[in-house]
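Asks: Note that the protein sequences, when read in sequence, are chains A and B.
With our numbering, the residue at position 112 of the first sequence is 112, and numbering never jumps.
With our numbering, the residue at position 396 of the second sequence is 396, and numbering never jumps.
Bear in mind the hints are in silico, worked out from the structure with no lab data behind them.
In this text, a Cβ means the ideal position worked out from N, Cα and C, and glycines have one as well.
One should not assume that every hint holds.
[Unchecked claim] What the simulated footprint calls covered on chain A by chain B, stretch by stretch (three residues with Cβ under 8 Å from a Cβ of chain B suffice, anywhere in the stretch; the number is not a length): (1) 48-60; (2) 82-94.
[To be verified] EDC-like, lysine to aspartate or glutamate: derived pairs with alpha carbons at most 16 Å apart: (3) B:K429 / A:E147; (4) B:K206 / B:E189; (5) B:K83 / B:D66; (6) B:K100 / B:D66; (7) B:K206 / A:D70.
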Amino acid sequence: MNIRVATAVMLVSSVALAACQKKAPEELPPPPAATAAPATSTAAPLGATVGTQQHFVDAVGQSNTVVYFDTDRYNIDSEDSSKLQRQAQYFAQNPSVSFTVEGHADERGTREYNLALGERRANAAKNYLVSVGIPANRIRTVSYGKERPVALGSNESAWAQNRRAATVVIN
Amino acid sequence: MKNALIATFALFATPLAAQDTEADLGQPLPEGGEVETIESEGLTGSVSFEGNLDDLGIAIPGFATDADVATPANSRGTAALGKELARVITADLRNNGLFKPTGPDALPQPSFAQISSPAWATWSNRGAEMLVHGYVRARSDNRLTVGCYLYDMALQSELVREGWVVQPADWRRAAHKCADLVYSRLTGESPFFDSRIAYIAETGPKDNRTKRLAIMDSDGANHRFVTTGRSTALTPRYSPDYSKLSYLSYVDGNPRIYVYDIGTGRQTLVTQNSNPTFAPRWSPDGRWILYSMAVNGNTDIYRVPATGGESRRLTDAAGVDIGGSYSPDGSRIVFESDRSGGQQCYVMNADGSNQRRISFSGGRCATPEWSPRGDQIAFTNASSFNIAVMTPSGGNVRTLTNGWQDEAPSWAPNGRIIQFFRTERNSGKTSLWQVDLTGQNLRELPTPVDASDPSWGPILP
């Protein structure tokens, strides 16, 4: 058990490092947590069951569940693609899991446009996942526009955290 | 234990989309009664006052009654109701910012007989240039008759009169109609007080806001919540005849436009389709609804008959084409598109042909709304987040507001006032505001809770 956790930690770290080489991280990598061992099974070490958000987060790491966008943009950059590849790895290993990509915008936009922009961001993430082999029929998208911020300030750093596409396993 | 497990599974297995799409609707709304116009006499005489309207003193004493009887409109009797009518008219004319009205609480009460033959001496030493008189009478069929007279003090003559028969529940409409009569006679503008506003009522912290569809009269009275708040509701629009409300709801988990029928209390999807739909807009004649639909992330504008039927796609540019507001004659549509990079405003014919960009003055142009008069388009400058107006060809841009974030303009029925919502920095609190087409008379419209997405309907039928 301990060995498996250690292996998992190394895997998470290497993914995080790979991302760091291309672009300075906006936040530190998450504390090492247990994750699914890729080669073995769908059972997470800490006991979360397949098909739950916890199992997904444990496996890929919280920071890999969300990709971020520049103002008014929806393109997938290299940091985003390494996160989405990690997600794709998980969903390939857990073929029974369907999931949702939520698209969001920051508050500095008009309401209706932000709904459309969030939809575009969710679809950009979805299209990337489909391009690396995840069947489209397992992926639902939903836009919340600017209606569900995670960072509550009215400043650049808060807005950067809110321009996002978050992958969630809803059960 | 086993049964419990099965029950749990069944709960999870039920897709949200299959649940009742009306689960979020609250108590049914009462349908408004009809208002019958009587005693309408054309314009008589000319207005003697020649100064600025905002210096114009208007005396509005309590409306008189022939017999003081309790009615469902006011249990204290028609005399008390007469004072309330005058208070509503006074508030309308004062909040409009154009006049200096004096209400019934500071004035003597005229008798019923004096309504059609004013005691001039009583009013001439009060500094008022105009005098509003009126009466209210309980009818045998339980309805109310309300009469409204406008007199020019200098000429000692009647300028206009009108009367209405209303249901007791609609008594405030008679007051708004009187305010409209006075306003129109003195300014030459079309009426706007007898109208309603649909909006989104907001409560709760910034990261967990409850957003409910709500409606109210143009002065904020008769406030009602339409949805319970279990699902997020956004961007409502009244149909031109006030029989329906179209709005966005997440009731099935996805952003979708619904058309809520006030009479039946039922609602239907604007289009039977699994794609997200946004930004509902009615045509001025009520025959069409515009909506915007995202397909694989690309949003375009569609038109569907209000009675249901096949949708027609009006735009096909790559990017976000959204919103849309008809010219008053229904022949053209102004909409928003980011096909050139950022959000800009475009005009097209009602069938989608001849699309051309009209905004070139710098800054992003969003949420364009065609004035009911046809000569102006209001929009959100989505770079500075202020409300501005321009001509339908994009000229003569004038910025009217300067809040931290102002957006979503909506015109008063007469095209003289623009309503919008203002978001406060950091707290995310929202409120409704009004400003004149001239940029004057900026004021907040009080609402019971925070408010956004105002939509001002036309004059009530």
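Asks: Run every hint past the structure and note whether it holds.
Replies: Hints, one by one, checked against the model:
1. 48-60: violated (count 0)
2. 82-94: With 0 residues closer than 8 Å to chain B, the segment 82-94 of chain A misses the three-residue bar; violated.
3. B:K429 / A:E147: holds (13 Å)
4. B:K206 / B:E189: violated (41 Å)
5. B:K83 / B:D66: Holds, at roughly 14 Å.
6. B:K100 / B:D66: Violated - the C-alpha atoms of D66 (chain B) and K100 (chain B) are around 29 Å apart, more than 16 Å.
7. B:K206 / A:D70: Cα-Cα ~22 Å, so violated.
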